[in-house]
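> Here is how the chains run, residue by residue.
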Amino acid sequence: MGIAVLAHIIVVMVLSPLLLGIIGKTKAFLVGRWGPPLLQPYYDIGKLFRKGNVYSTTTTWIFQAAPVVFMATVLASSVLLPLGGLKAPLQFWGDIILFAYLYGLARFFMTIAALDTGSSFEGMGASREAAFSCLAEVVLFLDFIILALLSKSLVLSRMIEGNILSSWQLFGPALLLTGASYFLVLLAENARIPVDDPATHLELTMIHEVMALDHSGWDLAYILYGSAIKLFVLGALFVNILIPFHGLSPTMQTMIFWGGMIVLAVGLGIVESCMARVRLNRVPQLLISAFVFALVGLLVVLIKGV
Amino acid sequence: MNFFLSGLSILCLGAFLLLFTARSPRSQGSRRISEGIFLSSLISGCLLGSVAALGVLIHRVPIDYRLNLRMPAGEFYLGVDPLSAFFLLTITILFLFAGVYGCGYLKDDKEKNLSVHYAFYHLALISLMLVVTAKNAVLFLMAWEMMALSSYFLITFYDEKEAVRKAGYLYLIVTHTGTFCLWIMFLLMVRQSGSLNFDQMALASFPLPLAGVLFILGIIGFGVKAGFIPLHIWLPHAHPVAPSHVSAVLSGVFIKTGIYGLMRVLLIVKDFPEWCAVTLLLIGMISGVGGVLYALGQHEIKKLLAYHSIENIGIITLGLGIGLWGQIAHHELAAWIGYAGALLHVFNHAIFKGLLFLSAGSLIRATHTGEIDHLGGLLKKLPWTGHLFLVGSLAICGLPFLNGFVSEWLVYRALFEGLFHFKLNGIVWSSLAVISLALIGGLAAACFAKAFGAIFLGNSRCVDITRVKENSALMYVPMAVLGGICLWIGLFPAVMVSFALRASATMTSSTISSMTEGMIIAPLGTVVLGLLVAVEIMAILILFKRISTKFLPVERAQTWGCGYSMPTNRMQYTAASFAQPLLDIFRNVLGYRVKGSKPKGYFPGEGKVSSHVTEAAEDLVFRPAFELIKSLSAKLKIIQYGYTQLYLFYIFTFLLILLIWKMV
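First to last, the sequence lines map onto chains A and B. Each step along the first sequence adds one to the number in numbering that gives the first Met the number 0, with nothing skipped, and position 104 is 103. Each step along the second sequence adds one to the number in numbering that gives the first Met the number 0, with nothing skipped, and position 263 is 262.
Only chain A is shown next, with the shape it has when bound in the complex (with noise of 0.2 angstroms):
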């Protein structure tokens, strides 16, 4: 079990980064660029992996703690996730729970090292990424209830696996609208437009770039990379949701999964390059709508019956 823990983070810790290379270069071919290397991401990481780093003198351990828990509980959520032909290497009834709140303490964590710097930016950022993660989190959960309600299990694996083809032939419109708002929860928790803008580095416009303004060196190389691997996650389960591919041989399921990956990545670039970022008192109304898409999913899913 230990190898296939390993295996499951090796995989998702090389593929990660190349997720966030394929929204740039989509987003550039929008605009008629060239754009950055497919490689981009990894270059910057390692660029920042040979960068020394400035500490704050305010700051404490909490400082240099926050990129290294959230790099960690990011790692450990992927492996309750299965990846195509990769069966999750930890299934448990309840799992979700544990998913979602692993989350959590990276958020928490993060929060507060952006608090410790004592300079009003980073807790300009904290504020806003505490208030609108509570909202994205009461989103996941009644999704996550949408899907418990379908696959009558509590395992994430079986969630999204399971019977979900069937779920799509019966409950359609239901799994759609989870979908949809999951897809919301997705921009929201992975600061994409038209939440957050993770191009630009102004301070005044930013929910997570700004939270990371401090750190340098090794400590912003983790959270760019745990960034990148929380896209991933959530994008593996986006794509999980909403094509039922399971039950075909593992290699067509690897395929498939592979080839929603980057049509994922497409067309977060394609949403990136069309919208521009909402207003920073419109952003709980968005994740609200996201709230109602969810709510009519389950009320489909209570009246045709379950």
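Fair warning: there could be bad hints in the mix.
Stated by the list, open to error - Think about it this way: if two alpha-carbon atoms lie no more than 27 angstroms apart in a straight line, the pair counts; the simulated DSSO-like pairs of lysine-lysine are: (1) B:549 <-> A:50; (2) B:661 <-> B:165; (3) A:151 <-> B:597; (4) B:634 <-> B:165; (5) B:607 <-> B:597; (6) B:607 <-> A:303; (7) B:549 <-> A:46.
If you're looking for bench data, these hints aren't it; they were derived computationally from the structure.
Use these hints to put chain B onto chain A, whose structure you have.
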């Protein structure tokens, strides 16, 4: 039972002896003696009590004891069944550590009579132990009253301040209003079953309408103690004014007696209509979300922690609600896990809330203020307090590695059982409960990130903390032990979860086979495995970083301030600013108002901002209601002229009317 009774008698003896040293409170010698008596009787009494509780929980055999004491009514009938034992364990553990802390906390107070305070502490502990083990209704109510009075004296320790006196009065009035409902409830139960003893009452059958009435009375009577919204108005006043160890036991244990009482009534009156479970879930949702939202708007650390107690009572009530629903729907797994989650959260909350209150007291003692927005950067000055506050915060947010996660996981598990197995009504309410639990978790994390970050991290905003230093070992060692318990339950949950399951099996009057117990606890073992993976990854990441940064430059500098040439500590984000986006989203629910004036002109000038959250139950419901009652009663003053002859005439007229009515 011998352990329990000997523990109880040692505490009685200790309280009695303390009253002797109370006669000369200011002499150094008598202070030392009273401290010695207090600590020795507390430690031995609590250890004996917890050993008795552990014995019942491990062996699953309840113990009964009847004492031939002359009592005005009822008999002195005590019994420790697994449910009582679980609460007894919570009580003794928290009282032990809070008492040791309190000894250190009050050491410097030269003016006050500490022996009397210690005596009341023992009295409170004795009354609590009697409340959870009483098996006779009259004994229960007597112990309940004793508990209310002793806690009143504990809370009003600093009664030279008016705010403290007013909080004490409010507490007394509110708790007696609850006791009034309890009297009616017990009278109805005695009338139906014909006996004062709980085990005889449990054998009787209660028709559903009567069960509904008893439920409502129980909710009001016990809910006032537990702190259900909107009956919670005394909590935010009483917790901040009490000394910190008293706040810790008030929040950790006293309000749980309300939960215990409710569970005892649920145990005795086994069959309830479904709307009772719905009411419990609704109360849990409203108290949970309302408590944490109000906490987000608080500026003082102890009031913030008081509102978080209300939130956690909400989570416990969610567990109770789904447990009751499982009982009604004859789905035993949901009932067991729901009750077990509620019970484990009772224990966990006592531990981590006690830890948080003790840390808050420690930092208030060191800095002489509890205002979050004035402090900052205390982690370096108060390392023990700060790090233990961090442990407490992680625990209360229900984050993995600590005990809050285990009990919240159990409640989630029970709610999802309801989702899978109940009918449509149950599915709807379980989904709502899951969503609100998720919201509570997120908001609690935001609130504690705010509190911890604003107090312990960054730089100090208003208060000069250069001379602040850590408190004595007598204070931080109990805190450290409580933190250790949090970590232990988080990483090795099997023991406490099985105890909670045994106590919950008492609720459904059944036994859980060890196979079912194993099935429920097994996923938690895999949780720990997942956390082990996370820890290993953390270790590897730290190792890589350590190795490589040996060859890379590392510097220390001031926090980058966007090129501003004169940054001050006042420019940091305060706790109020941190909470502003969240409070703004919920501003209509909370009555959140921000008032202030901006600097005029183009250059820096004076400005001020204040934010305020309206306490709806107090300001919009109870205060106007009491004003209305007062004005109506004022109108009745016309019959009072002060003439004795007139009053004699009233009595005569009334007797005449009674006589005529009887004859007709």
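> If any of the earlier hints don't hold here, list their numbers in rising order.
2, 3 and 6
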